[in-house]
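Number of protein chains: 2
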Amino acid sequence: MIGRVTKEAIMPGFEKHVFVCTNVRPAGNPRGCCSGKGGEAIRDALKNAVARLGLKGKVRINGAGCLDQCEHGPTIVVYPEGVWYGFVTLADVDEIVESHLINGRPVERLRLADGCINAPVCPHKGKSNA
Amino acid sequence: MIGRVTKEAIMPGFEKHVFVCTNVRPAGNPRGCCSGKGGEAIRDALKNAVARLGLKGKVRINGAGCLDQCEHGPTIVVYPEGVWYGFVTLADVDEIVESHLINGRPVERLRLADGCINAPVCPHKGKSNA
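Chain order of the listed sequences is A and B.
Numbering of the first sequence is given in the numbering used here, commencing with residue 1 and proceeding in unit increments.
Numbering of the second sequence is given in the numbering used here, commencing with residue 1 and proceeding in unit increments.
One should not assume that every hint holds.
Identical copies carry no separate label here, and so any pair may be met within one copy or between two of them.
Straight-line distance between alpha carbons at most 25 Å, and here's what the computed SDA-like set of lysine to any residue pairs gives [what the hints assert, rightly or not]: (1) 58 <-> 27; (2) 125 <-> 94; (3) 47 <-> 25; (4) 125 <-> 27; (5) 47 <-> 82; (6) 58 <-> 15; (7) 58 <-> 32; (8) 58 <-> 114; (9) 37 <-> 103; (10) 125 <-> 104; (11) 47 <-> 123; (12) 58 <-> 119; (13) 47 <-> 35.
Rather than coming from a laboratory, the hints here were simulated on the basis of the structure.
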């Protein structure tokens, strides 16, 4: 087990910090990539929503390099709570913003199952990727 | 105040998820950018350390878009604890890995002051950027 930081160490920052995978893999890669599945458009739609709703400074949307959950892309992780979403589409953006980022209720239907995150094998991932 | 997610909502993921700003701004921008200050090299050095130490799956290093703390770059944020570092150099990488990522003790001398994060004005930021 890696050392944990105590609660007292928590510093002020964004109330919600959202990272959208926008990693690019070569065409034909068996894991696919979040860029090829629309990651950038989802990042941009989230950024636009945050600006439109005046959430700047409280909610931050960032594109990120490979979050290593490629088979479930486009993937998103929301910190500090560490909620993971997979198979996100543009049609899901408004619900993520309103339910989770504003009202603190994660969108359950989009959450990655515990057994899918960092698992060598899961229903979406073949043994060849272990 | 934006809604908070309860502790029960926390899902398994990385024990430490580190985002290094690698944003690029045009040369001469008054805020500067983390890419121009060495963000990519720091990201790569952190990735190499994680691989070398066998921390894959527990610690994840990612480059990220603009974390909006440009005047303090290169900036890094470590989740889930939300510890922010600024003015990081390559010489700081081993200490961040050993002290914080492995042993859970943030590197105090590198932490951004509370008054610097998301503040319109701070000792590093002029009023023109407010």
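What label fits residue 37 with residue 103 when the C-alpha limit is 25 Å: within, between, both, or neither?
-> Answer is neither: 27 Å inside a copy and 37 Å across each miss the 25 Å cutoff.
For residue 47 vs residue 25, is the C-alpha pair at or below 25 Å within one copy, between two copies, both, or neither?
-> both (23 Å within a copy, 18 Å between copies)
Homomeric proximity label, residue 58 with residue 27: Cα distance no greater than 25 Å | neither (36 Å within a copy, 28 Å between copies)
How would you classify residue 125 and residue 104 at a CA-CA limit of 25 Å: within, between, both, or neither?
-> neither (30 Å within a copy, 32 Å between copies)
Intra/inter-copy verdict for residue 58 and residue 32 if alpha-carbon distance must be at most 25 Å = between (32 Å within a copy, 22 Å between copies)
Intra- versus inter-subunit Cα pairing at 25 Å for residue 47 with residue 35 = This pair counts as both: shortest intra-copy Cα distance 16 Å, inter-copy 21 Å.
How would you label the pair residue 58, residue 114 (within, between, both, or neither) given a Cα cut-off of 25 Å?
-> between (28 Å within a copy, 15 Å between copies)
Intra/inter-copy verdict for residue 47 and residue 123 if alpha-carbon distance must be at most 25 Å | Neither, since 31 Å and 28 Å both go past 25 Å.
Using 25 Å as the alpha carbon limit, work out where residue 58 and residue 119 are close: within a copy, between copies, both or neither.
-> So residue 58 and residue 119 pass the 25 Å test across copies only (12 Å; inside, 32 Å).
How would you label the pair residue 47, residue 82 (within, between, both, or neither) given a Cα cut-off of 25 Å?
-> both (19 Å within a copy, 20 Å between copies)
Within, between, both or neither, where residue 125 and residue 94 count as close if Cα-Cα is 25 Å or less | For residue 125 and residue 94, the Cα distance exceeds 25 Å both inside one copy (28 Å) and across copies (34 Å).
Intra- versus inter-subunit Cα pairing at 25 Å for residue 125 with residue 27 = within (18 Å within a copy, 43 Å between copies)
In summary, the numbered hints that this structure violates are 1, 2, 9, 10 and 11.
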